[in-house]
Every structure is written in structure tokens, then in C-alpha cells.
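> Kindly generate the complete structure, drawing on both the sequences and the hints.
If you read the sequence shown in the numbering used here, its first letter stands for residue 1018, the second for the next number, and so on.
If you're looking for bench data, these hints aren't it; they were derived computationally from the structure.
We put the beta carbon where it would ideally sit given N, CA and C, even for glycine.
Keep in mind that a hint or two might mislead.
[What the hints assert, rightly or not] EDC-like, lysine to aspartate or glutamate: derived pairs with alpha carbons at most 16 Å apart:
1) Lys1111 to Glu1074
2) Lys1050 to Glu1089
3) Lys1050 to Glu1074
4) Lys1050 to Asp1060
5) Lys1136 to Glu1074
6) Lys1097 to Asp1119
7) Lys1051 to Glu1074
8) Lys1084 to Asp1060
9) Lys1084 to Asp1119
10) Lys1111 to Asp1133
11) Lys1100 to Asp1119
[What the hints assert, rightly or not] Derived CB-CB ranges, DEER-like:
12) Asn1130 to His1083: 28 to 36 Å
13) Lys1136 to Asp1057: 32 to 40 Å
14) Asp1104 to Asn1023: 19 to 27 Å
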Amino acid sequence: MSLTQNAIRLMHSMSGTSNEPSFCPTLQVLHLKKIGRIHDGRDRWTVVLSDGNNFIEAMLSTRLNHKVSSVEIARFALIKVNKFAVDTGPSGNKFPIILQCDSVLNPGSRLGNPEDIFKAQIN
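What follows is the structure, given as C-alpha cells:
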């Protein structure tokens, strides 16, 4: 299974919820970090996702916490993103929120040499 080329650039250009069933990119988790808990005690996770060319920081829906616990979503894992939304932060930077995904495999190392999508937008 290969990564979906230019998926990060396309996700970054979107806004709102992606309801396009034909766009289900396969991306790699480069980093996973617990950022705390929400009011009901569920953990919140951020992930850095890569398409091999670019990477972006994203949030995981709390509905996906079981996939973190079961190590389906882990460092270097490939995931197929089935549904996501794109939000814009106070600084104007966009970030995806992963709502649904499937685990594909974990090659155990980084694929490609991705660069930060925000730095790539400047160049």
C-alpha cells in the first residue's frame, strides 16, 4: 500500500467536512501525542500526518481513542482516512480533524522526506 501523493496539500486547501467518498487518502502517522483530556475524561490526541511529500498536524476524534489504545494508530502506521473535517485555528492555520479511519499497516519507518505544509505554502 502506498501513500496518497499530495493528499496533505489537498486537505489543507479544503474547509468544513469532507463528504467526498472518492477521497480517502492513505497517510502515515509520523508522531502521536496526548494533549490532555476533555471535560468528560476522554483523552485528546494530536497526530502528525504525512503523504510522503508534506506533513500537517491533525487532531483525532475521541471516537478513535480505542485505535490508539490498540496500537492501530501508532508512530509510522499507515491509515486510510475515510472521513475528516478541516478547521481553522485562531492563527489562521488549518488543521484536519480525523473522524473515521482504518489501519492499513505499519512499515516501522518514515516513508519519503516530507516537509511542513505551512513552510511549503510560503515557498
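> If a hint holds in the structure, say so; if it doesn't, say that too.
Hints, verified against the model:
1. Annotation: proposed proximity of Lys1111 to Glu1074 holds, straight-line Cα distance about 9 Å (limit 16 Å).
2. About 15 Å separates the Cα atoms of Lys1050 and Glu1089, which keeps this hinted pair within 16 Å; it holds.
3. With a C-alpha separation of about 10 Å, the suggested pair Lys1050 and Glu1074 falls inside the 16 Å cut-off, and the hint holds.
4. The hinted pair formed by Lys1050 and Asp1060 meets the criterion: a straight-line CA distance of about 10 Å does not exceed 16 Å.
5. Distance restraint check for Lys1136 and Glu1074: the Cα-Cα separation of roughly 13 Å lies within the 16 Å cut-off, and the hinted pair is therefore satisfied.
6. This hinted pair checks out: Lys1097 and Asp1119 have alpha carbons roughly 5 Å apart, not beyond 16 Å.
7. Proximity of Lys1051 to Glu1074 is assessed by CA-CA distance (about 13 Å); at most 16 Å being required, the pair is judged to hold.
8. Of the pairs offered as hints, the one joining Lys1084 and Asp1060 holds, with about 12 Å between alpha carbons and a cut-off of 16 Å not exceeded.
9. Among the hinted pairs, Lys1084 with Asp1119 is consistent with the structure: their alpha-carbon atoms are about 9 Å apart, no more than 16 Å.
10. As the CA atoms of Lys1111 and Asp1133 are separated by approximately 13 Å, the hinted pair is consistent with the 16 Å bound.
11. With a CA separation close to 10 Å, the supplied pair Lys1100 and Asp1119 stays within the 16 Å bound.
12. Under the hint 28 to 36 Å, the C-beta atoms of Asn1130 and His1083, about 32 Å apart, fit the expected range.
13. Range check, Lys1136 to Asp1057: Cβ separation about 36 Å, and the 32 to 40 Å hint holds.
14. The given range of 19 to 27 Å is respected by Asp1104 and Asn1023, whose C-beta atoms sit roughly 21 Å from each other.
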